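So the sequences go chain by chain: B and S.
If you're matching positions, the first sequence starts at 1 in our numbering and goes up one per residue.
If you're matching positions, the second sequence starts at 1 in our numbering and goes up one per residue.
To be clear, the hints were calculated from the coordinates, so they are not data collected in a lab.
One or more of the hints may lead you astray.
[What the hints assert, rightly or not] Interface residues of chain S toward chain B, partial, derived using beta-carbon atoms under 10 Å: (1) 116; (2) 482; (3) 524; (4) 533; (5) 536.
Since we're looking at a predicted model, the values are computed, not measured.
For glycine and all other residues, C-beta sits at the position ideal for the given N, C-alpha and C.
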Amino acid sequence: MSARSVSIPEDNFRWSLPARGPVGMWGLIAAESAIFTIFVVAYLFYIGRSLTGPQPREVLRVPIFFTVCLLSSSLTIHFALRYLRRGRMRSFSLLWFLTIALGAAFLAGTLSEWRHLIYDKGLTIGTNLFGTTYYSLVGLHAFHVTVGLLALTTVLLFAFLGHVARQHAERVEVLSMYWHFVDAVWVVVFTVVYIIGR
Amino acid sequence: MATTESIAMPLSDTSPPPLVERLHQWVTTVDHKRLGIMYILYALVFLVFGGVEATIMRIQLIRPLNDFVSPRVFNRMFTMHGTTMIFFAAMPILFGFANYLIPLMIGARDMAFPRLNAFSFWMTAFGGLLLYFSFLGGDGLYGAGNAPDVGWFAYAPLTSQTFSRGHSTDFWILSILVSGVGSIGVAINIITTVLCMRCRGMTLGKLPLLAWLNLIMAGLVVLAVSPLTAAQLMLLVDRYLGGHFFDTQAGGSAVMWMHFFWIFGHPEVYVLVLPAFGFASEIIPVFSRKTIFGYPIMVGATICIGFISMSVWAHHMFTVGMSAAGNTFFVLTTMAIAVPTGIKIFNWLATMWGGQIHFQTPMLFCIAFLFQFLIAGLTGIMLGSAPFNWHLGNSYFVIAHFHYVIVGGILFTLFGAFYYWFPKMSGRMYNETLGKLHFWLFFLGFHLTFDFMHVPGILGMPRRIYTYEPGRGWDIWNLIVTIGVLFQAAGMLVFLGNLLWSYWRGQVAGSDPWDAWTLEWSTTSPPPAYNFASLPEVRSRRPLWDLKHPEDPDWQYE
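Input sequences plus hints: build the corresponding full structure.
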């Protein structure tokens with residue numbers, strides 16, 4: 001028996017499926033959330049268990065400015081996407097660039113914080129448990145910001161070369177989901193490291 | 001000129017392209033069927049590796065005070081056997097079947113993200129190579145290398161630099177990290193494929209059960225393999241950057257690693273067994289000539305298993321010493337997960353009840369699975385009770401229990417799946433006599449090995465010992481267990497021989513040799529690259545039944 005085509009249609013049947021991009025990104029976000037959960041649990045569990053100093057309260061400064069930078073980049077990317085959907089490319093590029101600048105500022109903030117901790121306070125990843133959990137958790141988040149920035153920059157380059165247009169809004173939206181996720185993770189990391197842990 | 005060309009073209013097509021070109025096509029492919037077959041072949045190679053390692057262990061234990069291998073080699077063998085079988089045999093083989101079957105069953109032309117699919121396969125493949133490269137480079141290529149010897153769950157502080165010198169443990173960490181990325185990629189792909197690529201009319205209520213079970217399996221991979229990835233990252237920080245996550249000397253916690261590992265480790269059992277349930281749920285109805293009994297209950301039970309399996313992990317840790325509240329919680333969740341699993345067994349039995357059962361090889365393996373999985377579940381309930389576990393934890397009773405699950409449950413349905421879908425994948429029928437010979441050899445070997453393995457466990461034989469004193473009452477049982485391995489190995493050889501012989505010499509199968517009902521049997525065997533000439537449109541769970549029996553279609557009753 002050879003191949004036969006199956007077609008048993010139903011009358012008056014509406015058929016629609018979710019788009020692939022967002023579903024795939026939600027899967028990635030779920031996996032990443034599980035990874036961050038483990039690091040956050042380890043951080044919470046090890047609070048106050050370091051056998052030697054320095055302790056978080058002695059060395060950590062709350063990075064309010066850089067946090068505002070990162071969180072507002074969620075707003076700029078949201079509006080950038082709105083302009084892209086309407087086809088207003090100049091406004092899109094501007095806001096997209098602003099998003100990258102805010103993300104880069106946040107990364108620079110992490111850099112200066114680490115520099116301060118390592119050179120002025122002598123806290124490295126091997127100093128004590130606080131150092132191990134702090135650099136791992138904040139570093140994992142910073143790694144995600146870096147990956148996000150690379151992806152955002154790629155889109156900006158394509159935009160400058162004129163390869164991004166209205167019809168790409170759905171794809172760009174998938175990237176923006178990732179960026180929102182990175183921002184949301186920072187809210188958790190900030191709460192755990194700078195509020196609960198300090 | 002044009003006419004001669006049009007005649008010449010098909011002629012040049014009939015001669016196969018040169019070997020290098022064909023290999024190049026396989027290496028660069030993004031086709032879900034080719035990737036699926038590559039996953040399966042890759043996993044079969046590792047299945048043989050893992051089997052050889054198990055055989056070495058069993059030869060060492062055949063009699064007391066044997067010195068077939070040294071204690072260090074024995075440690076490497078059980079580490080490599082466990083890691084290989086879970087990460088590089090069982091998971092890739094199941095991913096391979098999922099890859100091959102899901103798009104065909106839901107009437108799609110490929111997975112949702114074909115390139116991610118290829119990426120995931122190659123990550124898994126390189127992970128396995130890294131693990132086995134440790135045999136050469138474990139000592140840093142100074143001389144003879146060595147393989148990791150920390151056990152497949154690699155408890156801290158054994159994995160610290162102090163106790164694991166050289167790079168063997170690093171190869172173990174990296175191989176699992178890399179293949180874990182591949183597994184998460186596959187899982188995201190499966191979820192997206194099932195949710196977004198179904199053919200017209202195939203609502204979630206009409207999805208073949210295999211696709212449903214793989215969807216839940218993929219969700220578990222996303223939520224369970226990720227914590228393992230995180231834990232491996234922490235271990236790398238400890239080993240390379242001087243971190244203290246699992247360093248008890250600096251306030252770190254070794255128990256933390258156990259929790260992180262088993263948060264992965266227990267759902268992993270369900271990652272492996274859910275696709276096996278999927279195979280049984282496809283094969284049993286076809287060979288009983290009935291629809292599956294209680295489709296919605298099957299789906300509901302699967303979702304229940306998915307949820308509960310995330311909250312049972314610490315039943316691997318009763319002997320570690322937890323609080324009474326912790327023990328009670330994990331005993332209760334472990335007992336609870338037996339309920340949906342039991343429901344499934346009754347549903348399969350009810351599917352067979354009153355059916356016209358055809359005892360062909362796939363069905364034989366599935367029937368054996370039903371009984372063996374039941375016993376595996378019963379010893380699971382025994383071990384899930386904390387007071388019982390305090391006595392038999394870390395004994396050969398545990399080994400016998402989980403091999404009953406993985407071999408008696410998962411591997412048996414996998415063999416069933418091989419025989420059931422081999423005609424679809426290769427276009428040829430397997431040899432039924434050899435198939436039955438394989439079944440009986442393996443069945444006999446399995447029961448010789450794993451039934452009798454319970455006994456030395458109850459008599460107090462701990463796992464992971466490289467030898468034992470005579471006169472403890474373990475000798476005869478260990479002898480029988482090792483003899484069983486011979487039968488299993490013989491069965492395996494018959495199986496591989498059957499696959500090879502049938503691939504070249506088997507009868508041509510045709511598109512639908514089983515008179516089955518799901519969409520993969522509507523296309524040719526093997527299916528063309530595009531799967532379906534025109535995308536199917538379905539109205540019930542058994543579209544091919546509707547097509548063959550227009551006078552009495554299923555959609556009237558669903």
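Have a go at the residue 533/S hint: is there a Cβ in chain B nearer than 10 Å to its own Cβ? Cβ of residue 533/S sits 6 Å from chain B, so the hint holds.
Hint check: 10 Å Cβ-Cβ cutoff, residue 524/S to chain B: The hint holds - residue 524/S has a Cβ within 10 Å of chain B, the shortest such distance being about 5 Å.
Measuring from the C-beta of residue 116/S to each C-beta in chain B, is the shortest one below 10 Å? OK, holds: residue 116/S within 10 Å of chain B, min 8 Å.
Hold the hint about residue 482/S up to the distance rule: shortest CB distance to chain B must be less than 10 Å. violated (40 Å)
Quick check on the hint: residue 536/S CB to chain B CB, less than 10 Å? holds (4 Å)
The structure shown violates just one earlier hint, number 2.
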